[in-house]
Amino acid sequence: MRRTQDTFSIGDLAREFDITTRSIRFYEDQGLLIPERRGQTRIYHQKDRVRLKLILRGKRLGFTLAETKTLFDMYDRDGSSVNQLQTMLRLIEDKKSALRQQLEDIKVVLHELTAVEAGCRAELNEKSKESL
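With the first letter of the sequence shown counted as 1, position 116 gets the number 116 in our numbering; the numbers rise by one all the way through.
Since the hints were made in silico from the structure, they are not lab data. Backbone N, C-alpha and C define an ideal beta-carbon position, used for all residues, glycine too. Do not rely on the hints blindly, as some may be mistaken.
Stated by the list, open to error - No more than 20 Å apart at the CA atoms, straight line, and that leaves these computed lysine to any residue pairs for SDA-like:
| no. | residue 1 | residue 2 |
| --- | --- | --- |
| 1 | K69 | L89 |
| 2 | K59 | D94 |
| 3 | K69 | V50 |
| 4 | K129 | G119 |
| 5 | K107 | S97 |
| 6 | K96 | R60 |
| 7 | K47 | D78 |
| 8 | K69 | R57 |
| 9 | K95 | L71 |
| 10 | K47 | D12 |
To be verified - What follows is a set of in silico ranges between Cβ atoms, one per label pair, in the way DEER data are often shown:
| no. | residue 1 | residue 2 | range |
| --- | --- | --- | --- |
| 11 | T20 | L54 | 17 to 25 Å |
| 12 | L113 | L54 | 33 to 41 Å |
| 13 | G31 | A115 | 48 to 56 Å |
| 14 | R60 | N83 | 18 to 26 Å |
| 15 | D12 | T87 | 26 to 34 Å |
| 16 | T87 | V109 | 27 to 35 Å |
Turn these sequences into a full structure, and let the hints steer you where they fit.
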């Protein structure tokens, strides 16, 4: 099926977002996408395309598929999206907090590596002087 005005085939979406059709079917299995079916053919609408874009963006930002599904379910139940936005803000703060902790952990490891590196260089210099 070729792309028409507001419908897309699984291949169209896979090409557009540079992902595999298997990934798209996985998102369907997880309940994140629910395309229309005509026999064995999946027909995706603009809503599915937008959701796929949000799924991929969420993955890049560190959101789990379960978190993304929760947001989608909230939006489906309450079109006003107030609850969804509040939940999104909590998730964002959690992700930012986790990233800040990872950044601190990385700084500590870099500091330790620098100290070990300095020790190795000093010992190597000492060994080089002894061999002369």
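Hints versus structure:
A hinted pair counts as satisfied when its Cα atoms are at most 20 Å apart, and K69 with L89 qualifies at roughly 15 Å. This hinted pair checks out: K59 and D94 have alpha carbons roughly 15 Å apart, not beyond 20 Å. This hinted pair checks out: K69 and V50 have alpha carbons roughly 14 Å apart, not beyond 20 Å. Proximity of K129 to G119 is assessed by CA-CA distance (about 15 Å); at most 20 Å being required, the pair is judged to hold.
Distance check on the hinted pair: K107 and S97 sit about 15 Å apart at the alpha-carbon level, within 20 Å; holds. Restraint check for K96 and R60: the C-alpha separation of about 13 Å stays at or below 20 Å, so the hint holds. As the CA atoms of K47 and D78 are separated by approximately 16 Å, the hinted pair is consistent with the 20 Å bound. With a CA separation close to 13 Å, the supplied pair K69 and R57 stays within the 20 Å bound.
Under the criterion of a C-alpha separation no larger than 20 Å, the hint pairing K95 with L71 is consistent with the structure, at around 15 Å. A threshold of 20 Å between alpha carbons decides the hint, and for K47 with D12 the separation of about 14 Å falls inside it, so the pair holds. A hinted range of 17 to 25 Å for the beta carbons of T20 and L54 is consistent with their spacing of about 18 Å. Judged by the Cβ atoms, the range 33 to 41 Å given for L113 and L54 holds: they are separated by roughly 38 Å.
Between G31 and A115 the CB atoms are about 49 Å apart, so this pair conforms to the stated range of 48 to 56 Å. For R60 and N83, the hinted distance range of 18 to 26 Å is satisfied, since their beta carbons lie about 24 Å from each other. At about 31 Å, the beta-carbon gap between D12 and T87 stays in the expected band of 26 to 34 Å. The supplied range of 27 to 35 Å is met by T87 and V109, whose beta-carbon atoms lie about 33 Å from each other.
Hint violations for this structure: none, all hints satisfied.
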